[in-house]
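Protein sequences appear in the order of chains A and B.
Heads up, the first sequence is in my numbering, so the first residue is 222 and it goes up one at a time.
Heads up, the second sequence is in my numbering, so the first residue is 21 and it goes up one at a time.
By construction, these hints were calculated from the structure, which means they are not laboratory data.
Do not take every clue at face value.
Unchecked claim - Calculated from the model, a selection of chain A residues having no Cβ within reach of chain B, i.e. all distances over 10 Å:
1) Ser-271
2) Val-281
3) Val-336
To be verified - Now the stretches of chain B that chain A is said to cover, found in silico as 3 or more residues with beta-carbon under 8 Å:
4) 64-78
5) 125-135
Every value quoted in this text rests on a predicted model; they were computed, and no experiment measured them.
Beta carbons: idealized from backbone N, C-alpha and C, even for Gly.
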Amino acid sequence: ETGVTQTPRHLVMGMTNKKSLKCEQHLGHNAMYWYKQSAKKPLELMFVYSLEERVENNSVPSRFSPECPNSSHLFLHLHTLQPEDSALYLCASSQDPTGPTLEAFFGQGTRLTVV
Amino acid sequence: AQKVTQAQTEISVVEKEDVTLDCVYETRDTTYYLFWYKQPPSGELVFLIRRNSFDEQNEISGRYSWNFQKSTSSFNFTITASQVVDSAVYFCALSDSGSARQLTFGSGTQLTVLP
């Protein structure tokens, strides 16, 4: 199994739909992240969870709602999205705040298209 | 504030050529960490290397090498004898705290290796 697994890999949703993205990590890490990757833009950190508590929310609109039920799982609940929310959503995990391995490990992402 | 600049948006080379990807960073901290990630078409970001600010030794790993120069705030990445499988987007990133929470990514360089 890969270290960080995201489902679904692709999602097309209408602006009035509600959907959820799922992320699972098998690395024993205690922090998980949601990033947004839009075309021709740097990766944008959306949310950080450390020890299952949200520690950062980088001014993300409320139509994105994260949930971290335990240290291995992270969800991103989506509702009433806009076409400009179409992007690749990447989940990552790491040891936090610091540890012998500082790097984040990423999943393959969910390609979201809002129509 | 931190900033990472990857001025090369796209690079194309022919297989077996050497290629260098540039990364210039800005930070006010004396302790910081630099990273390179590879993003193949499948989407996930694959960790390649981490370097801390106190270690200016260049590193070689197979066909990959990294040149860290504090004097010019650069952390360049060279692929020797490039292969088609090296085609990907490469991201340089900076963390001043050592925590993956504060990763600042560059905008990435799309490398295409032609057969």
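Exercise for the section: Compute the least Cβ-Cβ separation between Val-281(A) and chain B, then decide whether it is above 10 Å. Expected result: holds, 15 Å
Problem - Check of the segment 125-135 of chain B against chain A for coverage (Cβ-Cβ below 8 Å, three residues minimum) - result: holds (count 4)
Problem - Coverage criterion applied to the segment 64-78 of chain B (partner chain A; beta-carbon cut 8 Å; 3 residues) - result: Holds: 5 residues of the segment 64-78 of chain B have a Cβ under 8 Å from chain A.
Exercise for the section: With 10 Å as the threshold, tell me whether Val-336(A) passes as away from chain B on beta-carbon distances. Expected result: Holds, since 21 Å exceeds 10 Å.
Practice task
Please confirm whether Ser-271(A) is truly not at the interface, meaning its C-beta sits more than 10 Å away from all C-beta atoms of chain B.
Solution key: Ser-271(A) is in fact no farther than 10 Å from some Cβ atom of chain B, at 8 Å.
Of the hints listed earlier, the one the structure fails to meet is number 1.
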